[in-house]
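The listed protein sequences derive, respectively, from chains A and B. Position 192 of the first sequence, counted from 1, bears residue number 192 in this note's numbering, the numbering being contiguous throughout. Heads up, this note's numbering is the position in the second sequence plus 330, with the first residue counted as 1.
Simulated from the structure, these hints should not be mistaken for laboratory data. No experiment lies behind these values; they were computed from the predicted model shown. Treat the hints with care, as some may be off.
In silico lysine to aspartate or glutamate, EDC-like type, Cα no more than 20 Å apart, as pairs [claimed, not checked]:
no.	chain 1	residue 1	chain 2	residue 2
1	A	K137	A	E220
2	A	K154	B	D791
3	A	K156	B	D791
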Amino acid sequence: MRASRRTAQWTSLIVVALALAAAAGPAAAQYPTRPVELVVPYAPGGGTDIMYRQIVKVIEQEKLVPVPVTVVNRSGGSGVVGKSYAINKPRDGYTLVAVDQGNGQQELLGNATWNFRKDFTYIARMVTDVNLLIVRKESPYRTLEEFLAAARGKGKGGLTVAGTGTGGVDQIANISLTRTGKVDLTYVPFKSGGEVMTNLLGGHTDAAWANPNECIGQLEAGQVRALAVAAEQRLKLLSSVPTMRELGFDVISTQWRAVGAGGNVPKSVVDYWVGVLDKARKTDEWRKGYLQKSVLEDGWLTGDAFLKFVTEEYENSKTVFAELGMLKKK
Amino acid sequence: MTEILQNLGMGFAVALAPVNLLYCFVGVFVGTLIGVLPGIGPVTTVAILLPLTFGMNPTSALIMLAGIYYGSQYGGSTTAILINTPGESASVMTCLDGYQMARQGRAGPALGMAAIGSFVAGTIGVVLLMLLARPLVTVALSFGPAEYFALMLLALCTLGGLVGESVAKGLLTGAFGLLLGTIGSDPMTGAARFTFGIPSLLDGLEFLPVAIGLFAVAEVLTTAERSVSRQIYETRITGLLPTREDWRACRFTLPRASVLGFVVGVLPGAGSTLASILAYLAEKRVSRYPERFGTGVIEGVAAPEAANNAASAGAMVPLLTLGVPGSGTTAVMLGALMLWGLRPGPLLFEKNADLVWGLIASMYVGNVLLLILNLPLIGLWVKLLRVPTHVLLPFILLFAFTGTYAASNNVFDLYVMVAFGIVGWVLQRYGFPVAPIVLGLILGPMLETHLRRALILSRGDWMIFLERPITAALLGAVLVYLALPAVAWAWRRAATGPRQADA
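This is chain B alone, in the form it adopts within the complex (with noise of 0.2 Å):
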């Protein structure tokens, strides 16, 4: 412990230094930026900015890129809450509850909470990053194909719970997602399905022109379709922070979403946006009003944003301490230090400890400016909400439309937000929920990949599901999961009778 301390306050000697600190800030500024705008996201960020490093100092550079990086996951949440539209895709799960709170007038502290609760998940992340790096890439290394099988099949199961009001319409949203999951080069053997000859199909559909259509085209459609008139947005708008209340709801959602999230994140091959999903459906789960959960509970925003921020730290677990990428962001990050020079690997926190502690204790800082920058913009983001529908309509399209061309520069990525704009707009209209459609589309490509990647391991033995521990013991949760309400219900009725229980 000692030792830890002794690092850490060499780590601060080198974050505080004030050419860090400006570098910190930079990157915390660029991330927050980017976040808020849909599409462009940390990847194409520091990729782009990767070779203005070179002639820097590699510690400062590495602060400002990793700053990018979860400074992005703060800035994601904005246009989910305010207009539907998620900027990254780590952020989409904050639709559900956010943007129904900026309706009901409570944008301020949705916002609130997307903020604070981003810091205290993201200095909860720095914490464990410090403390349980070396133990938890253990685990990390133990998860196989088959764990992974067995981790995304319990995630799937949770989907139940982002359903609504009819099982068998959420289940049939959900079943399209899997379904659009299966488009693009088989995992295995590299067909092609159902691509029509299209080469931008071949890498299956982009995620996050299909979740910008579902959500932010259809609403715009949804809304036109109604009178221009009437307001999205209540006017009167209550408070710019988080009330008593909203506190009291959060006060054990925001840590055990944070340690789950950064979990996940430690997992390379699960990534940000499953943690924020999967913090999403255990809070649902542990809640003692699940039916509220999508209609504009704090809780439904706090979970899945302190989630997405602690990944990002959990992240940097496998990148520091086995020199192996955990994330799309990281994998980049790892090439910037060979380009620096160094040798990113296990003997890293030996060879480069002060810039290994220089950047655990830079997140620390950044996290703090980041609530800075963070908290005051809230008051000018709920104003946007006063501009009439006629004229924020248009700019929501504006955005949609910039963004999902901006990550790639394919025009086929606008023709897939279009498409799933409108199948949005009709799903919603006959009552159908959209969020399985994503959940469907994110899980089912990793859930028949694993599937596929641990029979090809075993030789097509199944027991290796049974055989290791891990793996039973997901399934096993799995099993409860699925068993319990029936046994719930039959226990009941054995209790009341069976006529009751029908009633």
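Next comes chain A alone, as it looks inside the complex (with noise of 0.2 Å):
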């Protein structure tokens, strides 16, 4: 009898164990059930946007995830209308979003309304895109050491130094080199990459910040000259440029574009689409098609490492926009 009632509570309890991995292991393995949607909150034929596309021709090539994936681009705002968009959906991994710099920025600058750890998660880092400080042929510059005395014989103002937008990677790189090169360079800001570079060849500017696959056929066919990267390492595809570091100055300059979500997405779809994003980048289609040709470098950060990144950054974004008198948030 007494053996009989330990094999019911056995029995129960097993079933019970049964239903809940029943439950709980088809409905995980089971995502995604509908499609999913990446939301790009640029407009078509931007870097993210690209990146967003090839990922999708990656997945649907390998057959990785079983569901339509879409990308979907709501622009506008600087990125913040389509994140707003992303992060107000329902938070079940069916509507992914692009996160980057802009994320902690844009909250910094006061433009959004989000905490930029509370309403997003951060899935994976794909890729990284290093910047290269560059002068024209003409310029009398050849190393970063003289481009930097010479701005220093200018006094106040120094030397003009070409970038993209205002507040971003490329103002930030031109603060932190000024600061550890005690010198003063001014920035100058531009819409593109491409109005960068023309100003920068018809010697409008001094230098310019600029990545890699901005200005590649420029320094192969000699018409510019990287005096050095910030980035930690020098780049396989340009081995004599050295880095910032290796001269003295602790100048790191790195974009990003990752996936990622809005915040408290459950565990699984986080550790799912890791799992198929890291799938993704170890193709060749990726590694071959995508990031050599682009000379962008794979970026792979996910989880509390990728987290501690993004919070670092926002810090070091905090103290730049507040030397500026850009911070609006407290």
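From the two separate chains plus the hints, produce the assembled complex.
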């Protein structure tokens, strides 16, 4: 009797456990059951948009996800419109969104009402794009030291450096170099990388910040020279260009593009996408067909390490914006 | 010269290969289609089609994408002429005279002139691209912020040409446009201006929703306010093609506007919209009857349409010679070249001569295809105007709404469009011209950005505008432009005596 009761207890326990497993297991295995929307908060044709279309292409080719995955462009407000849209959708993993530097920066500039930590989940950093300091062929400066020495010689205002955008990666790199180099460099913001390049080639500015893919053609043709790269290591493609750190200036300037979602999406969703994206980035299509050709670096970073990186960058931007008088958020 | 001909021969061998001919056709066909639909522009289309091209041969793919680009400039005029709705931002000026022509029963000649003018300009543009790419790019590079500022100032002065009957009213709406141009993030400091906490306003007012509101929606409201039974269009349609007089009127317009459009297109940071505006205003300036512009003169259609096509050929110059994009669409094409494994840059002409010359030759072919494609469509478009007003008006609104939403997937743009529809309706009612608003909105931000950039470069020294020869020359032209009417008036007054001049 006692034995049978114990059996009954055990049986019921097993049944409950099985039922739970049945409820949880297939549900986790089943995600996703309906189409997933990837929100790109910029107009088609930009770097983020192209990366997302690449992701979708690899996912489709390798059949990594059983449901349709589509890119939806919602542009406006330097990404604020599309990101706000995405984090206001149910946070169930069916709406993913492109996350980047703008998450922290737009909050600091007072343009977005979100909290960059609580309102976003940072799933996986896919690529990083480093910054080079370049001069044109006719420029008298051959090394970073020569360039900085000349800027010091000019006194207030120093030399002019072109970059893309205001309050973005280029301007922050410029401030960092000014600080560590103890030199005055006037930052001149332009709208696009194309405008930066024509103004440098035309000799309207003394130097420029540019990503490798924006200047590789001109570098190879000898129309511009790279003085230094603001990265942790030298680039494989441009191995003769020293890093700023090697030269004694602690300037790291990378732009990154990542996949994210609204805050607090289920962990199973995050794990699912980390798995998919990890497979995607290891394909030849991604590495050779996209990263290598676009001169981008694999920026793989996930989980807590990614969140730590984003937070550190946020704090750094905060200091810089405060210095520039652009900080709106206390 | 023989070298160019040799290269061109090689290019035609590439462009006329059946597969490339097919892709060229697909490109110009898609281009025409998206040009006709308001909202969806060439940048979006090229970006979305990009992943499809990865398996393709780069030459075929580039031929197709370029076809979309210049093809869209053909289609953009269609809705501008028929229903006062600019299909692309570069077709805004075409609305002014094109729509008036359609109302007078001359939609056929307007559409015909737009198509043939585009063909002529496209061809002139390719010839210039082939012959002058290298020397012109040097000129383009000498344009720094100070030069752009002077150019924009000159363009702003010509705004006087758009004011209509009352100078005061025109200047007022022009100033309103400039004011609207200050909305959004400050271009130098990033501070939000007049955004009222609305994120959608951070990048400033989107141009197309404002233009579609001011032109199309306002026109619908104005028409609906009057009797619905009244026809907007003269029902008797006179001819489908431009008449001999039309050709005579445009025989200098087309080459003039083509060259102007091409040169403006070469300048990165100017663009085809500015090219079409400048061409329209220049044409009005040299015309013997400037007062008739805006009432349906054929040159008012020919000039902007020729200029925006030539500009898209011009935008290829910095892309092919320097590897630097000259416009939004060429920026996407630059990314495409890289993904196909090519290195856009100064060496492209040498390393990938077959690609570059194949592309140039395909642009000749594409322009012929576009002409063949567009001319028979005119008859079809013109028939649309027989649709009764009470059916047509809702359809225009439908077009305006879907087009505006499709461009950004942002509902806010629809509010902007409706708001400017109402603004345009009120202004029209009280005789204020709306074109200066559009001009102010485009020129204002460029003028401000280049001025402040130039002053950053000179550390606040205004002499930068006098020391540089191109800038000084352009500013001299501004002075002449502004002083001329006053001098002429004083001259007349001196010659005839004060009393007669006042009369």
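Taking the hints in turn, this is what the structure says about them:
1. A/K137 with A/E220: holds (12 Å)
2. A/K154 with B/D791: Since the Cα atoms of A/K154 and B/D791 sit roughly 16 Å apart, the hinted pair holds (cutoff 20 Å).
3. A/K156 with B/D791: holds (14 Å)
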